[in-house]
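A.B. asks: Go ahead and model the full structure; you've got the sequences and the hints to work with.
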Amino acid sequence: MTTQAVLVDTSRCIGCRACMVACKEWNELPAEHVERTLPGSYQNRDDLTSQTWTVVHFAEQASGDDMRWLFAKTQCMHCADAACVSVCPTGAMQKDGTLTYLDETKCIGEGYCVAACPFGAVALDEGKGIVQKCTLCIDRVEHGELPACVKACPADALEFGDRAQMVAVAEARVGTLKGRGLARARTYGVDELGGLGYVYVLQDDPSVYQLPERPSARPVDIPVQARDWVAGAAAFGLGAIPVWWVFRRRTRLASEAAEREGEVR
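For the sequence shown, position 264 matches number 264 in the working numbering, and the numbering has no gaps at all.
You may find that some hints are simply not true.
Quick list of in silico lysine to aspartate or glutamate cross-link-like pairs, EDC-like style, CA-CA up to 16 Å [stated by the list, open to error]:
| # | residue 1 | residue 2 |
| --- | --- | --- |
| 1 | K106 | D125 |
| 2 | K24 | E60 |
| 3 | K95 | D81 |
| 4 | K128 | E104 |
| 5 | K178 | D162 |
| 6 | K128 | E28 |
| 7 | K128 | D156 |
Computed Cβ-Cβ distance ranges for the label pairs, DEER-style [stated by the list, open to error]:
| # | residue 1 | residue 2 | range |
| --- | --- | --- | --- |
| 8 | E60 | N27 | 23 to 31 Å |
| 9 | E28 | G64 | 44 to 52 Å |
| 10 | G91 | G175 | 39 to 47 Å |
The hints are simulated quantities; they were obtained by calculation from the structure and are not laboratory data.
Small disclaimer: the values here were computed from a predicted structure and weren't measured.
Ideal Cβ placement from N, Cα and C applies to all residues, glycine included.
C.D. replies: If you want it as structure tokens, here you go:
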């Protein structure tokens, strides 16, 4: 895959969630029952799961009689310096140009990638025993089609093309927004984590869109002996299911510890 990227222009996003629906339909992901965890907001969920690979975050800002609505689609960011790839003990998470992809035949569901991802974009499917995330619709892109979310967007908030071109477009649009008085307008994803596969035009600070200001890999304790043993077992096709159960508890503890550390910060 070449170095292509998706441009997300939040100044054009209308929060319709067509991208979420298209992602579900193309990837045949089932609907999920969602508990209302955001009272007073029209956002229907705030987390990515093994069955929901993209979410539109809502920021509803009231100032006197005025209301400002900001929206941003989030998903796996396909980081150049991908934490999920570096911590995977079996080589199941891999890079190909911009794309960060999962080789399901190698995944044993130990979940270190879940704990390490700074965007919370990788989730464990306990039924299948493997992790799941946005694929950047590589099955469409390889045949000259746009990613499903990009094709479905009715507001032209999403574009797909050569990454350098998408970065240039993003920077030009930020300049336009600043010219309109939006002093905090900025790009996001140009340099973060070596450059993301999703490049954003933001009208405000990243935190407003529930994006980390300075994303970095979450700390994950992976004993060298454990990594070598798991990699060896996977290479010889030994006991993927027992390995998954052995590391499942460790992964959950690591993930919970990372979340607690994030809350403290």
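A.B. asks: Is the distance from the Cβ of E28 to the Cβ of G64 consistent with 44 to 52 Å?
C.D. replies: Holds: the Cβ-Cβ distance is about 46 Å, inside 44 to 52 Å.
A.B. asks: G91 and G175, beta-carbon distance inside 39 to 47 Å?
C.D. replies: Check passed, 42 Å falls within 39 to 47 Å.
A.B. asks: Holds or violated: K128 and D156, Cα atoms, limit 16 Å.
C.D. replies: Not OK: K128 and D156 at ~35 Å, beyond 16 Å, violated.
A.B. asks: Is the straight-line distance between the alpha-carbon of K128 and that of E104 16 Å or less?
C.D. replies: 10 Å, holds
A.B. asks: When you take the CB atoms of E60 and N27, is the distance between them in 23 to 31 Å?
C.D. replies: 29 Å, holds
A.B. asks: Would you mind confirming whether the straight-line C-alpha gap from K95 to D81 stays at or under 16 Å?
C.D. replies: The hint holds at about 9 Å.
A.B. asks: Is K106 close enough to D125, meaning Cα to Cα at most 16 Å?
C.D. replies: Given that 16 Å is the threshold and the Cα spacing comes to 15 Å, the pair holds.
A.B. asks: Can the restraint linking K24 and E60 be considered satisfied, given a maximum Cα separation of 16 Å?
C.D. replies: With a Cα-Cα distance of about 25 Å, the restraint between K24 and E60 is violated, given a limit of 16 Å.
A.B. asks: Does K178 pair with D162 here, judged by a C-alpha cut-off of 16 Å?
C.D. replies: Answer violated: K178 to D162 is near 25 Å, above 16 Å.
A.B. asks: Next pair to validate is K128 with E28; report whether the Cα-Cα distance is within 16 Å.
C.D. replies: Satisfied, since the Cα-Cα distance of roughly 15 Å is no more than 16 Å.
Going through the hint list in order, the structure does not satisfy hints 2, 5, 7.
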